[in-house]
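Trainee: Given these sequences and hints, build the entire structure.
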Amino acid sequence: MDLGLQGKRAFVSASSTGLGKACALSLAREGAEVWLNGRDEERLARAADEVESAVGRRPQTVVGDIDAAEGRAAALAACPAPDILVCNSGGPKPGRMDQWDEAVWNEAVTAKMVSPILLIQSVVGGMRARGSGRIIVITSAMVKTPQLAMALSTGPRAGLTAFCKALAREVAADGVTVNCLLPEKIDTDRLERMTRSLARLRQIDEIVARAEMASTVPAGRFGRPEEVGDACAFLCSSRAGYITGQNLQLDGGAYAGLV
1 MDLGLQGKRA
11 FVSASSTGLG
21 KACALSLARE
31 GAEVWLNGRD
41 EERLARAADE
51 VESAVGRRPQ
61 TVVGDIDAAE
71 GRAAALAACP
81 APDILVCNSG
91 GPKPGRMDQW
101 DEAVWNEAVT
111 AKMVSPILLI
121 QSVVGGMRAR
131 GSGRIIVITS
141 AMVKTPQLAM
151 ALSTGPRAGL
161 TAFCKALARE
171 VAADGVTVNC
181 LLPEKIDTDR
191 LERMTRSLAR
201 LRQIDEIVAR
211 AEMASTVPAG
221 RFGRPEEVGD
231 ACAFLCSSRA
241 GYITGQNLQL
251 DGGAYAGLV
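So in the numbering used here, spot 189 of the sequence shown is number 189, and the numbers just go up one at a time.
Be a bit skeptical, because a hint or two may be false.
The calculated label-pair distances, taken between Cβ atoms and stated as ranges, are [as the list claims (entries may be wrong)]:
| hint | residue 1 | residue 2 | range |
| --- | --- | --- | --- |
| 1 | E192 | A129 | 41 to 49 Å |
| 2 | E107 | L148 | 14 to 22 Å |
| 3 | G220 | R200 | 22 to 30 Å |
| 4 | L148 | R9 | 35 to 43 Å |
| 5 | G220 | G125 | 38 to 46 Å |
| 6 | R128 | L148 | 37 to 45 Å |
| 7 | R96 | G131 | 47 to 55 Å |
| 8 | R239 | A69 | 32 to 40 Å |
No more than 30 Å apart at the CA atoms, straight line, and that leaves these computed lysine-lysine pairs for DSS-like [claimed, not checked]:
| hint | residue 1 | residue 2 |
| --- | --- | --- |
| 9 | K93 | K185 |
| 10 | K93 | K165 |
| 11 | K185 | K144 |
| 12 | K93 | K144 |
Just so you know, the hints here were simulated from the structure itself, not pulled from any lab data. Every value quoted in this text rests on a predicted model; they were computed, and no experiment measured them. For glycine and all other residues, C-beta sits at the position ideal for the given N, C-alpha and C.
Mentor: Here it is in structure tokens:
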């Protein structure tokens, strides 16, 4: 299936590792011209090497913290008119409510809601003017199944999800789609860190902890990063022009709800 992504300009934030890198790889494999972004220049260079090795073309790289105005400005200077914007960000650590003061909340809201909204605002006007655009926002499955320990992530991301839904309706007639990916238990470095934490907490072997975590997924396994990347690529494609305002669960069947 030709996804119609050849030559499309795609900026993927926080894409030196994990799900951001997986999305960038899938888009590059479909022929998109990709801009990688991250704060660590060496890690970003390694990600660019990986993409180049996979597709034979080296992606552009933009070093910078997308949560800061300077980082967003650098991104827009490097890729001022993207056809595709993928907003990704790392998740904060679990915690307790009594640990979160106003400064902690402000940091979480800035990183998980305000920053991606500002980035979207910067490019969506151009997409509307050109009559085409794809915006993908990677949030979390916990947006639909919130847990207090993860409130620094799910609270702001719930607000971001509401913004994306409203925006999708506003820009649909202009050929721009806006969709969210809601991943859970994807086999990334973050999951590995969570497995180690569980093993320490339970005083069990990491292999046992990993098996216990996987057993909670109806599919009986963790998701693969490339499965998230390929879902992203499809939603960015010409084939997905009638899909907008959606929250796609990527969780191996874990979500038990109907909507």
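Trainee: Next, verify each hint and record whether it holds.
Mentor: Verification of the hints:
1. Taking the beta carbon of each, E192 and A129 are about 43 Å apart, inside 41 to 49 Å as hinted.
2. Hint check: E107 to L148, Cβ distance near 18 Å, so the stated range 14 to 22 Å holds.
3. G220 and R200 have their C-beta atoms about 25 Å apart, which keeps the hinted 22 to 30 Å range intact.
4. Distance hint check: the CB atoms of L148 and R9 are about 40 Å apart, consistent with the given range 35 to 43 Å.
5. For the hinted restraint 38 to 46 Å between G220 and G125, the CB-CB distance of approximately 45 Å keeps it satisfied.
6. Here the CB-CB span from R128 to L148 is close to 38 Å, well matched to the stated 37 to 45 Å.
7. Between R96 and G131 the beta carbon distance is about 48 Å. The supplied range of 47 to 55 Å therefore holds.
8. Evaluation of the 32 to 40 Å hint for R239 and A69 yields a pass: the beta carbon distance comes to about 36 Å.
9. For the hint pairing K93 with K185, the CA-to-CA distance comes to about 15 Å; that is within 30 Å, so the pair holds.
10. Between K93 and K165 the alpha-carbon distance is near 26 Å, which keeps this suggested pair within the 30 Å criterion.
11. Proximity of K185 to K144 is assessed by CA-CA distance (about 15 Å); at most 30 Å being required, the pair is judged to hold.
12. The straight-line distance between the Cα atoms of K93 and K144 is roughly 18 Å, inside the 30 Å bound, and the hint therefore holds.
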